[in-house]
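Protein chains: 2
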Amino acid sequence: MKIKPSLWLSTAIAVTILATGCAATFDGPRHTSGPLLIQAQGSFAAGGTELRNSGNYDNNKPAAAGQSFHGDHLYAFYQIPQNARPLPIVMLHGAFQSARSWESTSDGREGFQTLFLRRGFPVYLVDQPRRGRAGNSTVAVSLDSTPNDQLFFDQFRIGKWPNYFDNVQFDRKPETLDQFFRSVTPNTGPYDAGVISDAMSALLTKVGPATLFTHSQGGGPGWLTAIKNANVKAIVAFEPGSGFIFPPGELPPVVPSAAGTLSPEAVSSTDFQKLTRIPIIIYYGDNFPDQPTTERGQDNWRVRLAMARLWVDAINRHGGHARLVHLPDIGIHGNTHFPMSDLNNVEIADQVSRFLAEKRLD
Amino acid sequence: MKIKPSLWLSTAIAVTILATGCAATFDGPRHTSGPLLIQAQGSFAAGGTELRNSGNYDNNKPAAAGQSFHGDHLYAFYQIPQNARPLPIVMLHGAFQSARSWESTSDGREGFQTLFLRRGFPVYLVDQPRRGRAGNSTVAVSLDSTPNDQLFFDQFRIGKWPNYFDNVQFDRKPETLDQFFRSVTPNTGPYDAGVISDAMSALLTKVGPATLFTHSQGGGPGWLTAIKNANVKAIVAFEPGSGFIFPPGELPPVVPSAAGTLSPEAVSSTDFQKLTRIPIIIYYGDNFPDQPTTERGQDNWRVRLAMARLWVDAINRHGGHARLVHLPDIGIHGNTHFPMSDLNNVEIADQVSRFLAEKRLD
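Top to bottom, those sequences are chains A and B. Going by UniProt numbering, the residue at position 213 of the first sequence is 213; the numbering climbs one at a time, nothing skipped. Going by UniProt numbering, the residue at position 161 of the second sequence is 161; the numbering climbs one at a time, nothing skipped.
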């Protein structure tokens, strides 16, 4: 599609005018179509370690001796829009995913990367250590082709395979599901929340003060990153699934579900207290059962939502500022485990924008 | 950095004016700084296969039975600039690399992704099947942490470890080398030029007519992609390292080097002939030895350059349009195995732009 100069110039002028106003309340997206104005973009590695083998390197007969290996870093791709808002957003994906989670949706619409660029935020997308383009792991692993598509369909609450939930915010074209399945990418080393949050902390040191978005398994490393680095100024967590950390003596009981048990994790009081200093909001989607059920895919989330409520209570009991939004409670229905790429992802982005405005994070 | 509206609007106007002219000769980059005007961006998977396990899927006791696995696709990230030129550029990385190869340079400057966006081309960056964000492989593999940094330093002709070549176009800050080493990412399945070129062909069907840039190991799959899909309208190959294909009866002898032997590969006459229909240009950098040497890192490239010359001769003998540019021969010195991210990468991009203009690919 080509847009005539006169049209896109007036769009550009409109963007500029909007950008000069700085309201404390959410004033709607700056421009929802037309060209993105990108001041700078690029990628780099952050954090990680270096393994060094003893001995002397023989240039002409290379072996392990004297050689090094760089691994356990993360990879970040950033885009800074023209007239950027001061606080960037760093987005961390969940299990079996990469930064791909925040790019185009499976049905080809704009994901949170581009939606929040349009709203004026610098956006940093992460491939966590041992995933995607940050594949070099200091710990070995074997990969096989374990078939998990149907498990993912259930567990990510698209429906109960092979049926979609009636109200699901997921496009039903077969090619959309194909794209969704192909967004999956494996761990290239053991999952390690400590390694991930170390690299994330190195990233935050590079980026400076920022808001952190996390998804699913990224929730746990997200809390740890905020503990390790004061540059995390707020967290927006989409469907955190594990890594709920509590101070000593306050761990809730282990919870059984049809998908296995969910255990809280212990952290020092000092570290826990650090999470009370920043605003935190947690979003969960739809089709959670109210009562225990044998439906594995759904029951898995019943207990995670329950644990998240206890976690928010604990944060606030200690003086913190956490909020949990179960989207159906505010009239938003049908969201899967990926609210940021569901059919109503602009509505979800609007919710997030309101939170950022309210907390003056924009 | 903030730019005042008046300044960036005049930049935008200047860009528009340049974009309306469509010269057949290279007229210099459109704008080398200031904001990028991106009409659309996003990502998707292309190609790949699906494994299906027999049996019935039990939603509440998931096992392999009845489940599927999607793998062997590629991942592509695209950006379409405002007032785009008609032929996009698709960029395919080499061994141990991902689309990262074309993004920021290791010292943080703009790589070919952004340089060619600035020159008005839609740009598609690929993570090939079984690499990076396209990690799902239908064939199992074991990953370890084999230390290869020093081998890469030599083999990618940065120097002879630990010394840089005197004239090398590679920034010598330690953090640059650290970033370079961290651009390495492993195969998550066996390397397979057939699998890669199948997925690339699926991508080209989606993209339409395009120019293909390849790097190093990507050279071989690049030729195969052009054989499989007539949408490849030209190839710009940076330091192709293997996969030189010849028609029956014309295979040159296997060549020994200090880094092992290099073998030509056979392809049918019909397939070979398809490569004679498109313009092809191949670039090699500096610090190649003229004569056989025991220096492994350099000798490795002596034979690849020699084989590439024979390959270009074969293409042209059959009526094709291939050219090999050994950069020192045209007065450009010090390039490593990564000319697209070397210190002089804008000069290299200018060379490529001249080729694209000459062949009316812009």
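Don't take every hint at face value.
Copies of the same chain are indistinguishable here, so a pair counts whether it falls within one copy or spans any two.
Below, computed lysine-lysine pairings styled on DSSO-like, alpha-carbon distance capped at 27 Å [claimed, not checked]:
| id | residue 1 | residue 2 |
| --- | --- | --- |
| 1 | K206 | K233 |
| 2 | K61 | K359 |
| 3 | K173 | K206 |
| 4 | K61 | K160 |
| 5 | K359 | K274 |
| 6 | K206 | K274 |
| 7 | K274 | K160 |
| 8 | K233 | K61 |
| 9 | K228 | K61 |
The hints are simulated quantities; they were obtained by calculation from the structure and are not laboratory data. All values derive from a computational prediction rather than experimental measurement.
So, going through the hints one by one against the coordinates:
For the identical chains of this complex, K206 and K233 are intra-copy neighbours only, at 14 Å inside a copy versus 41 Å across copies, given an alpha-carbon limit of 27 Å. In this assembly of identical chains, K61 and K359 lie within 27 Å of each other by CA distance neither inside one copy nor across copies; the values are 59 Å within and 43 Å between. Taking identical chains as interchangeable, the C-alpha atoms of K173 and K206 lie at most 27 Å apart only when they sit on different chains, with a minimum of 17 Å there against 41 Å within one chain. Taking the shortest alpha-carbon separations for K61 and K160, only the inter-copy value of 13 Å comes in at or below 27 Å, while the best intra-copy value is 56 Å.
Taking identical chains as interchangeable, the C-alpha atoms of K359 and K274 lie at most 27 Å apart only when both belong to the same chain, with a minimum of 18 Å there against 61 Å between chains. In the homo-oligomer, the alpha carbons of K206 and K274 lie at most 27 Å apart inside one protomer (20 Å), although the nearest pairing across protomers, at 49 Å, exceeds that limit. Proximity of K274 to K160 under the C-alpha cut-off of 27 Å is found in neither arrangement, the shortest distances being 40 Å within a copy and 48 Å between copies. In this assembly of identical chains, K233 and K61 lie within 27 Å of each other by CA distance neither inside one copy nor across copies; the values are 50 Å within and 41 Å between.
Taking the shortest alpha-carbon separations for K228 and K61, neither the intra-copy value of 43 Å nor the inter-copy value of 39 Å comes in at or below 27 Å.
In summary, the structure is inconsistent with hints 2, 7, 8, 9 from the numbered list given earlier, while agreeing with the others.
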